[in-house]
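Peer 1: Model the full structure from these sequences, guided by the hints.
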Amino acid sequence: MAEETPWQQALTYANRANPYPFYAELRKTPVSRQPDGSYVVSTYREIVTLLQDPRVSSDLRNRPQAAAAEPMSEPTTAYVRAPSVLTMDPPDHDRVRRALMRHFGPPHAPDLVSSQEPEIQRIVASLLDNCKGKTRIDAVDAFAYPLPVTVICEVLGVPREDAPRFHAWIEAVMDAMDLGPEAASAEQQHRRELGHQGFQQLEEYMTGLVDRYARQPGPGMLSAMVNDRADERLAPGELVSNAMLLLFAGHETTVNLIAHSVLTLLRHPDALAQLRRRPALIVPGVEEFLRFESSVQFWPGRTALADIEIAETTIPKGAPIILVYASGNRDPHRFTNPDAVDLARANNEHLGYSHGIHLCFGGPLARLEVQVAVGEFVRRVENPRLVVDPPPYRRNQVFRGPRHVLVDIDGIRD
Amino acid sequence: MRTREAFIAAVHALVEEFKTSGRIVIVGASLAGLRAAEALRAEGFRGHLTIIGDEPYEPYDRPPLSKQVLEGWVPADHTTLPHQRAIDAEWRLGVAATGLDRAAKVVRLANGEEVPYDRLLIATGVRARPWFHPAEAALDGVFTIRTRDDAAGLQQALAAGPARVLIIGAGFIGSEVASVCRELGLAVTVVERGPAPLVGALGGVIGAIAAAMQRDHGVDLRTGVGVTSLVGDAGGHVRRAQLSDGSTVDADVVVASLGSIRNTEWLEGAGLAAGRWGVGCDAGCRAFDINGVVTDSIYVAGDIARSPHVLYEYQFLAMEHWDNAVVGAEVAAHNMVSLEPDRWAHLLLPGFWSGQFGVNIKSVGVPPFGDEIVFTQGSITERRFAAAYGRRGRLVAAVTFNHGKWLPYYAALIERSAPFPPPPPGFDQPGDMQPVPAEFPDPSVPTAMPEVVLTGHDPSERRAEVRAPRR
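So the protein lines, in turn, are chains L and R. Residues 1 to 414 in our numbering are what the first sequence spells out, letter by letter. Residues 1001 to 1471 in our numbering are what the second sequence spells out, letter by letter.
Calculated directly from the structure, the hints in this document are not laboratory data. All values reported here derive from a predicted model rather than from experimental measurement. Treat the hints with caution; some may be incorrect.
Unchecked claim - Restricting the straight-line Cα-Cα distance to at most 20 Å, the calculated cross-link-like pairs of lysine to aspartate or glutamate (DMTMM-like) are:
1. R/LYS1405 x L/GLU349
2. L/LYS317 x L/GLU46
3. R/LYS1405 x L/ASP111
4. R/LYS1405 x L/ASP59
5. R/LYS1105 x R/GLU1313
6. R/LYS1019 x R/ASP1088
7. R/LYS1405 x L/ASP92
Peer 2: The structure is reproduced here in structure tokens:
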């Protein structure tokens, strides 16, 4: 077996807790061809350049030759018939994004995100209240997970009591994704099978929900989209695939960001102390956490539609392009002291929400949730100490996050 | 070596002393003046800071004045610019600067006072070009838009429900006002001397699209015609306009959107390179004197500044755009308290935006610098597209209609002097991707005699002088 490339090493599960040394190695070759013919892009400038280039496609149908051999690279499109906004190019992408945004943000729904704040405050308060009397908590299960899932259910109109079911399906889908050297193992093949089943169950569930709202309108975005009478409406298949995307992306990434924010603060006592002194730093602080531990580490779903000259390399037409946001976010040519946590970092134009036309749709909601959650955690939790470092990580390489973050605490302030 | 070190230490001590107790005067209390003041404090300037402005208001934001304010959505007095930090300045608002004495290093004010400076920032910007006939311009119902008061007055006039609004000049301001009028359900006639709206800024190809947008929205657009006179009623209110084609337009509100005049009159006699074209300065924002020699203590920022631009063959460009005011102010402020080699260059890629008829128009680069245009992305009929401007095989500018997220791509190409036309996109291609002439009006024909003449022979005597006005 040939020696593993830095990219393959970064993808290995054993390195999930700390892929950063391998990213640093990758950045020595900003655009590096992998043995499978894909091109890994690891430097900030080159990532941004390619995100802006209209010769780079997000539509996976543009690489038919790879589709069969490719491990599942995106949960919402690998098995579903209609692509989601995430894997579309203009003009269809623009049409679908507008149709979604009409129910999520300005100008048609300008208050949607900000109107969630009281509910977010209430949920965070009750989650921390629940930790009273305990000396050890899991910041993931007790804190990071329940908030985003409750909020996204509310926003979309997905019944909260269904969360245990769809959570299990999404977990299976997440664990099934492996783009690294361990993908071929029997163990991983089994996970792929479970992921496939999970995906189908989620799709059936979402189709049922959408059908129900078509018959009987209810609260939330899904019902509003199903019953939209605007000119630009989504076809039924588009609606289901985008609803799955919103449900999944609307909380999984936020769970990881909250967990990573807590983890990062516990590893950097100076930053924690600074945040205690100046709570307003939580606003730039969340951006720094997202730069430092990006919820979407990389995106493997782009394809060159022409020969593209970049960084003294030619990415040939048809080649898969993997944009490593988390590496760009640690690029010393863009960020001063990239491996340090600086809550007040200036010009922090990180790639944690990507960039360009696919800029994270739910970013404003995620920001609000994490600002409230982490701000309150810092204010209320007395003397938090990390129990296991590094904590155990989930398998998924793209949506990287800790499975548990055990924290010893002295108590919960009011 | 000791003397050299001592010399360097003395220079640094001087800079520190200036930062501690120097006097900086900023003339012009709008966006550039405010941002410069903030930047000076951020740079560690702790000395005396004076901000002089002829309007009685604290700095306010102008872009909403021709949009949200006229719609009645945002009151004109709700446009005050937020302060990014404490400035601790002496504000001299409501009193204009009327003169500059460079030998005495003082700014003269309209009330006769003199304000001394060690360093001066000129940020007096531009004003709206008034209707050429003063008596007609003074009729009730005739407006220009530049200031908060202008916008408040016009908003009231529009809210009163005039039978028809006449807009003279279809540049960005005129087109934006026409758009607001249609949103308010008002009948509106736009009269434009040129062949189409926006032609000066974006050329005739884009102008034709802008014209179609106006007409689709019910604007009575008349191009290739001028307004020759405005006629008032017995009460002194405008009622009618005479057009150069012999026709008339009845209107109760007239908006003269005829471009701008640079506020340089107060600099007459100061010996700076100041005139109709603005105030000449280097890319570090230092003003040139009338001979083209750079000054040490006078800086320029905002709409009034005109400096050579690396990307445009070092031509002197005035960039009357929002971000030019912000970035120019920051560069000027930095350079006012820094020595070489720590000085910055103001190398902004110009950019602007407009909102009209439901379309967000954005541009980067200098479109009139190009002579060809090519549609590169999207659909012209759906009015969502990107187009690139080229000059001699080089990409020099781009414009987007409802396609602004792609603009950074073109900005990066322009900054790299990428070839024109750019490579075709992989998706969402417009039908025709052949470059065509961009159809800008003929480049500026001199409209007046030069304002300066050269005198003297010996290098110590050779200089430029302002020509005596000929009557």
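Peer 1: The structure should be examined with respect to each hint, and the outcome stated for every one.
Peer 2: Against the structure, the hints:
{"no.": "1", "hint": "R/LYS1405 x L/GLU349", "result": "holds (16 Å)"}
{"no.": "2", "hint": "L/LYS317 x L/GLU46", "result": "holds (17 Å)"}
{"no.": "3", "hint": "R/LYS1405 x L/ASP111", "result": "violated (23 Å)"}
{"no.": "4", "hint": "R/LYS1405 x L/ASP59", "result": "holds (18 Å)"}
{"no.": "5", "hint": "R/LYS1105 x R/GLU1313", "result": "violated (34 Å)"}
{"no.": "6", "hint": "R/LYS1019 x R/ASP1088", "result": "holds (14 Å)"}
{"no.": "7", "hint": "R/LYS1405 x L/ASP92", "result": "holds (15 Å)"}
Of the numbered hints given earlier, the model fails hints 3, 5; all others are met.
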